[in-house]
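A.B. asks: Chain by chain, the residues:
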Amino acid sequence: MALDQSFVGRSYPPTDPYEVGREKIREFAVAIGDTNPAYTDRKAATALGHPDVIAPPTFVFAITFKAASQVVEDPKLGLDYSRVVHGDQRFVYNRPVRAGDRLSVTSTIESIKSLAGNDILDIRGEVHDEAGEPVVTAWTKLVARAPEEEA
Amino acid sequence: MTAKIAYDAVEVGTALPPQSFPVTRATLVRYAGASGDFNPIHWNEKFAKEVGLPDVIAHGMFTMAEAIRVVTDWVGDPGAVVEYGVRFTKPVVVPNDEEGALIEVSAKVAAKLDDGTVRVDLTATSGGQKVLGMSRAVVRLA
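Chains F and W are the protein sequences, given in the same order. According to this note's numbering, the stretch in the first sequence is residues 1 to 151, in order. According to this note's numbering, the stretch in the second sequence is residues 1001 to 1142, in order.
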C-alpha cells in the first residue's frame, strides 16, 4: 500500500546527544580494518589539524540510522520494516566527526515515492554538535519492497 | 584538513591505487558489533535464506566503509572527504569458509571542481558483480 504523501516534509524532534567516544571510533576502525592513524592516534590527528581523533566517514551512519528509526517505526506512517532494504546512502560533511562530539540528529522525510508497488522513502538526517553547528548531513534512501501477492 | 595530494598534481582520469578487501563471517560479526547493526541477514545463514537471499550478505554500510578507504588512503587525511554517496546495487555474498568474499575497489578522478576539490568515482565489485553504483566522493586536495 502506498505511503501517505502528507508525511513529506515532516521533521522529527532532535535526538538526545550521542557522545562520540575515542574507543568507539577505534573499535569501528578495527572492524573495517582501517589503520589510518587519524582514527586512533591523537598526535597524528592533531598533526592533520584536527582537535582530536576523527571517525571514519561512514561512522556517523550508526547515529543517523538510529535517529531515522523514529521515522521507520512511526506507526502513523506504517512502513513495513521487514520489507525494507537500504537503497542509497549519501553524506555531506561540514567537518569530520571527532572524539568528544555530542551529536544530535534531526530527521526529515524528504520524499515518498511509489514505484512498481515499492515504497521509496528518502530521509534526511541533519547532525549538529552541542553548539548547534552542523557537522554532517546524511541522506538515506529506504525501499520497502512490494508484498509478494502484489508484485 | 591536510591532504597529501595536491590539486594541481591530478588530472581528470588520474587513477587512485586500487585495493581489495577480504570479508569473512568473522568480519561481519565484528562489524555488526561495532556498528550496532545486528540484522540477522548479516550473520544467520538460515534466516538469510528464508528471506530469499542466496546466503549471508555483508552490510551495505560495511562495503561503503571499505570503498572509501581507497580515497582516504590516497589523500591521507580522511577529513578531506567532503561528500560521499553510493547506491547499493547488489549484495556482497559471504560464504561460510576461510576465504569469504573479496570486495575489489578502483577509483579515478572524474572531475576537477572549482573550489579545490575533485570528484572521485569509485567502482566496487565482488564475485564479478558491481556491488555499488553511483559511488562518488568529493575530496578537498592540498
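Careful: at least some of the hints might be erroneous.
[As the list claims (entries may be wrong)] With a straight-line cut-off of 25 Å between C-alpha atoms, the simulated SDA-like cross-links for lysine to any residue are:
hint: 1; chain 1: W; residue 1: 1090; chain 2: F; residue 2: 24
hint: 2; chain 1: F; residue 1: 113; chain 2: F; residue 2: 124
hint: 3; chain 1: F; residue 1: 66; chain 2: F; residue 2: 129
hint: 4; chain 1: W; residue 1: 1004; chain 2: F; residue 2: 85
hint: 5; chain 1: W; residue 1: 1049; chain 2: W; residue 2: 1024
hint: 6; chain 1: W; residue 1: 1130; chain 2: F; residue 2: 24
hint: 7; chain 1: W; residue 1: 1090; chain 2: F; residue 2: 145
hint: 8; chain 1: W; residue 1: 1090; chain 2: F; residue 2: 147
hint: 9; chain 1: F; residue 1: 113; chain 2: W; residue 2: 1087
hint: 10; chain 1: F; residue 1: 141; chain 2: F; residue 2: 69
hint: 11; chain 1: W; residue 1: 1046; chain 2: W; residue 2: 1129
hint: 12; chain 1: W; residue 1: 1112; chain 2: W; residue 2: 1013
hint: 13; chain 1: W; residue 1: 1130; chain 2: F; residue 2: 84
hint: 14; chain 1: F; residue 1: 66; chain 2: F; residue 2: 132
hint: 15; chain 1: W; residue 1: 1112; chain 2: W; residue 2: 1083
hint: 16; chain 1: F; residue 1: 24; chain 2: F; residue 2: 8
hint: 17; chain 1: W; residue 1: 1049; chain 2: F; residue 2: 85
hint: 18; chain 1: F; residue 1: 141; chain 2: F; residue 2: 131
hint: 19; chain 1: W; residue 1: 1130; chain 2: F; residue 2: 115
hint: 20; chain 1: W; residue 1: 1004; chain 2: F; residue 2: 115
hint: 21; chain 1: W; residue 1: 1090; chain 2: W; residue 2: 1004
hint: 22; chain 1: W; residue 1: 1108; chain 2: W; residue 2: 1008
hint: 23; chain 1: F; residue 1: 113; chain 2: F; residue 2: 77
hint: 24; chain 1: F; residue 1: 66; chain 2: W; residue 2: 1044
hint: 25; chain 1: W; residue 1: 1046; chain 2: F; residue 2: 82
hint: 26; chain 1: F; residue 1: 141; chain 2: W; residue 2: 1085
hint: 27; chain 1: W; residue 1: 1090; chain 2: W; residue 2: 1112
hint: 28; chain 1: F; residue 1: 24; chain 2: W; residue 2: 1026
hint: 29; chain 1: W; residue 1: 1046; chain 2: F; residue 2: 124
hint: 30; chain 1: W; residue 1: 1004; chain 2: W; residue 2: 1109
hint: 31; chain 1: W; residue 1: 1090; chain 2: F; residue 2: 94
hint: 32; chain 1: W; residue 1: 1004; chain 2: F; residue 2: 145
hint: 33; chain 1: W; residue 1: 1049; chain 2: W; residue 2: 1012
[Unchecked claim] To give an idea of the chain W side of the interface with chain F (calculated C-beta under 7 Å), a few residues:
hint: 34; residue: 1081
hint: 35; residue: 1115
hint: 36; residue: 1119
hint: 37; residue: 1127
[What the hints assert, rightly or not] Ranges between beta-carbon positions, derived for each pair:
hint: 38; chain 1: W; residue 1: 1033; chain 2: F; residue 2: 69; range: 17 to 23 Å
hint: 39; chain 1: F; residue 1: 9; chain 2: W; residue 2: 1002; range: 35 to 41 Å
hint: 40; chain 1: F; residue 1: 92; chain 2: W; residue 2: 1036; range: 39 to 45 Å
None of these hints come from the bench; they were simulated from the model. Glycine is no exception: its CB is placed at the ideal position from the N, C-alpha and C atoms.
A.B. asks: Against this structure, judge whether each hint is valid.
C.D. replies: Here is how each hint holds up against the structure:
Between residue 1090 (chain W) and residue 24 (chain F) the CA atoms are separated by roughly 29 Å; this puts the pair beyond 25 Å, and the hint is violated. As the CA atoms of residue 113 (chain F) and residue 124 (chain F) are separated by approximately 15 Å, the hinted pair is consistent with the 25 Å bound. In summary, the hint linking residue 66 (chain F) to residue 129 (chain F) is supported, as the alpha carbons are separated by about 16 Å, within the 25 Å threshold. Between residue 1004 (chain W) and residue 85 (chain F) the CA atoms are separated by roughly 37 Å; this puts the pair beyond 25 Å, and the hint is violated.
Restraint check for residue 1049 (chain W) and residue 1024 (chain W): the C-alpha separation of about 18 Å stays at or below 25 Å, so the hint holds. Taken as a hint, the residue 1130 (chain W) and residue 24 (chain F) pair is broken in the structure, with Cα atoms around 31 Å apart against an allowance of 25 Å. The suggested pairing of residue 1090 (chain W) with residue 145 (chain F) holds, with an alpha-carbon distance near 15 Å, which does not exceed 25 Å. Among the hinted pairs, residue 1090 (chain W) with residue 147 (chain F) is consistent with the structure: their alpha-carbon atoms are about 20 Å apart, no more than 25 Å.
Between residue 113 (chain F) and residue 1087 (chain W), the direct Cα distance comes to roughly 17 Å. Compliance with the 25 Å bound is thereby established for this hinted pair. About 13 Å separates the Cα atoms of residue 141 (chain F) and residue 69 (chain F), which keeps this hinted pair within 25 Å; it holds. Under the criterion of a C-alpha separation no larger than 25 Å, the hint pairing residue 1046 (chain W) with residue 1129 (chain W) is consistent with the structure, at around 23 Å. Among the hinted pairs, residue 1112 (chain W) with residue 1013 (chain W) is consistent with the structure: their alpha-carbon atoms are about 10 Å apart, no more than 25 Å.
Between the alpha carbons of residue 1130 (chain W) and residue 84 (chain F) the distance comes to roughly 21 Å, so the proposed pair stays at or under 25 Å and holds. For the given pair, residue 66 (chain F) sits about 19 Å from residue 132 (chain F) by alpha-carbon distance, which is consistent with the 25 Å threshold. Between residue 1112 (chain W) and residue 1083 (chain W) the alpha-carbon distance is near 14 Å, which keeps this suggested pair within the 25 Å criterion. Proximity of residue 24 (chain F) to residue 8 (chain F) is assessed by CA-CA distance (about 34 Å); at most 25 Å being required, the pair is judged violated.
Taking the CA atoms of residue 1049 (chain W) and residue 85 (chain F), the gap is about 15 Å. The hint holds against a cut of 25 Å. Distance check on the hinted pair: residue 141 (chain F) and residue 131 (chain F) sit about 28 Å apart at the alpha-carbon level, beyond 25 Å; violated. For the given pair, residue 1130 (chain W) sits about 23 Å from residue 115 (chain F) by alpha-carbon distance, which is consistent with the 25 Å threshold. Of the pairs offered as hints, the one joining residue 1004 (chain W) and residue 115 (chain F) is violated, with about 44 Å between alpha carbons and a cut-off of 25 Å exceeded.
With a C-alpha separation of about 33 Å, the suggested pair residue 1090 (chain W) and residue 1004 (chain W) falls outside the 25 Å cut-off, and the hint is violated. Between residue 1108 (chain W) and residue 1008 (chain W), the direct Cα distance comes to roughly 15 Å. Compliance with the 25 Å bound is thereby established for this hinted pair. For a cut-off of 25 Å, the pair hint linking residue 113 (chain F) to residue 77 (chain F) stands: about 13 Å separates their Cα positions. Our distance criterion of 25 Å between C-alpha atoms is met by residue 66 (chain F) and residue 1044 (chain W), whose separation comes to about 22 Å.
At most 25 Å may separate the alpha-carbon atoms for a hinted pair to count; residue 1046 (chain W) and residue 82 (chain F) meet this at roughly 16 Å. The hinted pair formed by residue 141 (chain F) and residue 1085 (chain W) meets the criterion: a straight-line CA distance of about 11 Å does not exceed 25 Å. In summary, the hint linking residue 1090 (chain W) to residue 1112 (chain W) is not supported, as the alpha carbons are separated by about 29 Å, beyond the 25 Å threshold. Proximity of residue 24 (chain F) to residue 1026 (chain W) is assessed by CA-CA distance (about 19 Å); at most 25 Å being required, the pair is judged to hold.
Of the pairs offered as hints, the one joining residue 1046 (chain W) and residue 124 (chain F) is violated, with about 33 Å between alpha carbons and a cut-off of 25 Å exceeded. About 15 Å separates the Cα atoms of residue 1004 (chain W) and residue 1109 (chain W), which keeps this hinted pair within 25 Å; it holds. Proposed proximity of residue 1090 (chain W) and residue 94 (chain F) is contradicted: the alpha carbons are some 30 Å apart, above 25 Å. Between residue 1004 (chain W) and residue 145 (chain F), the direct Cα distance comes to roughly 44 Å. Violation of the 25 Å bound is thereby established for this hinted pair.
A hinted pair counts as satisfied when its Cα atoms are at most 25 Å apart, and residue 1049 (chain W) with residue 1012 (chain W) does not qualify at roughly 43 Å. Restraint check, residue 1081 (chain W) versus chain F: the minimum CB separation of about 5 Å is within 7 Å; hint holds. Interface restraint check: residue 1115 (chain W) against chain F, minimum CB-CB distance 14 Å, threshold 7 Å, status violated. The restraint placing residue 1119 (chain W) at the interface with chain F is violated, with a minimum CB-CB distance near 13 Å, outside the 7 Å limit.
Given hint, residue 1127 (chain W) at the interface with chain F, is violated; its Cβ is 19 Å from that chain's nearest Cβ, farther than 7 Å. Range check, residue 1033 (chain W) to residue 69 (chain F): about 19 Å between beta-carbon atoms, so the 17 to 23 Å window is met. The beta-carbon spacing between residue 9 (chain F) and residue 1002 (chain W), approximately 39 Å, falls within the hinted interval of 35 to 41 Å. Separated by about 23 Å at the C-beta atoms, residue 92 (chain F) and residue 1036 (chain W) break the suggested range of 39 to 45 Å.
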